[in-house]
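Going by the numbering used here, the first residue of the sequence shown is number 883, and it counts up by one from there.
I should point out that these hints are in silico values taken from the structure, not numbers from a laboratory. Incorrect hints may appear among the rest.
Below, computed lysine to any residue pairings styled on SDA-like, alpha-carbon distance capped at 25 angstroms [what the hints assert, rightly or not]:
#, residue 1, residue 2
1, K965, E908
2, K890, F987
3, K890, F988
4, K887, R1008
5, K1023, Q892
6, K1023, Q984
7, K890, P902
8, K965, D1021
9, K973, R996
10, K1023, G1009
11, K1003, E911
12, K965, E1020
13, K1023, P898
14, K924, K1003
15, K973, L894
16, K973, D1021
17, K1023, E888
18, K1023, P992
19, K973, L896
20, K924, T1016
21, K973, G994
22, K973, A995
23, K887, R916
24, K890, T989
25, K973, K1023
26, K890, D915
27, K1003, D886
28, K890, Q984
29, K1003, P898
30, K1023, A1010
31, K965, P941
32, K887, D1021
33, K973, G914
34, K973, P992
35, K1023, G994
36, K965, K1023
37, K890, K924
38, K1023, V978
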Amino acid sequence: MQPDKELKEQILELIPQQAPFRFVDEILEVDGDRIVGTYRFKEDEFFYPGHFPGVPITPGVILIETMAQTGAVGHGIYLMMQKGMSLDEIKSQATVFSLADQVEFFTMVPPGARVIVTGEKMFYRRGALRSSVTMASEDGKPICRGILTGTGVRLNG
């Protein structure tokens, strides 16, 4: 059974990354094994003027971050909620990268493109979530993929 819209919006509110470094617009699906989210790269993102002048493309590190914010952070928040963690406990933590492995890029992402990110849980234990994450264009063409691991750490001490 899919969570309701209110729960999906709550997950978005709990993702600690904020503008201009927030790369999740919407959670479409989420359950204990999988999450699907979207992001549209705005024409005026802060990185386009320098990457590359006159021919802007989305940097690979931003694509990885986009995959992580849905596939590791957003899904991790859902899993913490399912384990019964309070909202205050969740807010006191952030998910940081501990591993990005087997990352492959298949095509470039121009300004204005909307991407679909799908994360599939490989394991979740002791505060670490490893996921196989893919990014595709709106028409389903693969953009990139990788195995990402995030670990929850306490903020402010």
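Going down the list of hints, with the structure as the test:
1. K965 / E908: holds (23 angstroms)
2. K890 / F987: This hinted pair is violated, its Cα atoms lying about 28 angstroms apart.
3. K890 / F988: Roughly 29 angstroms between the alpha carbons, so the hint for K890 and F988 is violated.
4. K887 / R1008: violated (28 angstroms)
5. K1023 / Q892: Violated, because 29 angstroms separates the two Cα atoms, which is more than 25 angstroms.
6. K1023 / Q984: holds (19 angstroms)
7. K890 / P902: Holds, because 21 angstroms separates the two Cα atoms, which is no more than 25 angstroms.
8. K965 / D1021: With a Cα-Cα distance of about 35 angstroms, the restraint between K965 and D1021 is violated, given a limit of 25 angstroms.
9. K973 / R996: Between K973 and R996 the Cα gap is close to 28 angstroms, so the pair fails against 25 angstroms, i.e. violated.
10. K1023 / G1009: violated (32 angstroms)
11. K1003 / E911: holds (14 angstroms)
12. K965 / E1020: violated (32 angstroms)
13. K1023 / P898: Roughly 29 angstroms between the alpha carbons, so the hint for K1023 and P898 is violated.
14. K924 / K1003: With a Cα-Cα distance of about 29 angstroms, the restraint between K924 and K1003 is violated, given a limit of 25 angstroms.
15. K973 / L894: Since the Cα atoms of K973 and L894 sit roughly 12 angstroms apart, the hinted pair holds (cutoff 25 angstroms).
16. K973 / D1021: violated (35 angstroms)
17. K1023 / E888: Given pair K1023, E888 is violated - Cα atoms ~30 angstroms apart, limit 25 angstroms.
18. K1023 / P992: OK: K1023 and P992 at ~14 angstroms, within 25 angstroms.
19. K973 / L896: At roughly 6 angstroms apart (the allowed maximum being 25 angstroms), L896 and K973 satisfy the hint.
20. K924 / T1016: Within the cut-off at roughly 20 angstroms; holds.
21. K973 / G994: violated (31 angstroms)
22. K973 / A995: Violated, at about 30 angstroms.
23. K887 / R916: It holds: about 16 angstroms lies between the C-alpha atoms, which stays within 25 angstroms.
24. K890 / T989: With a Cα-Cα distance of about 29 angstroms, the restraint between K890 and T989 is violated, given a limit of 25 angstroms.
25. K973 / K1023: violated (35 angstroms)
26. K890 / D915: holds (15 angstroms)
27. K1003 / D886: holds (20 angstroms)
28. K890 / Q984: Status violated; Cα separation ~29 angstroms.
29. K1003 / P898: holds (20 angstroms)
30. K1023 / A1010: Distance of about 29 angstroms is beyond 25 angstroms: violated.
31. K965 / P941: Between K965 and P941 the Cα gap is close to 35 angstroms, so the pair fails against 25 angstroms, i.e. violated.
32. K887 / D1021: holds (24 angstroms)
33. K973 / G914: holds (20 angstroms)
34. K973 / P992: violated (33 angstroms)
35. K1023 / G994: holds (16 angstroms)
36. K965 / K1023: Distance of about 34 angstroms is beyond 25 angstroms: violated.
37. K890 / K924: The hint holds at about 22 angstroms.
38. K1023 / V978: violated (28 angstroms)
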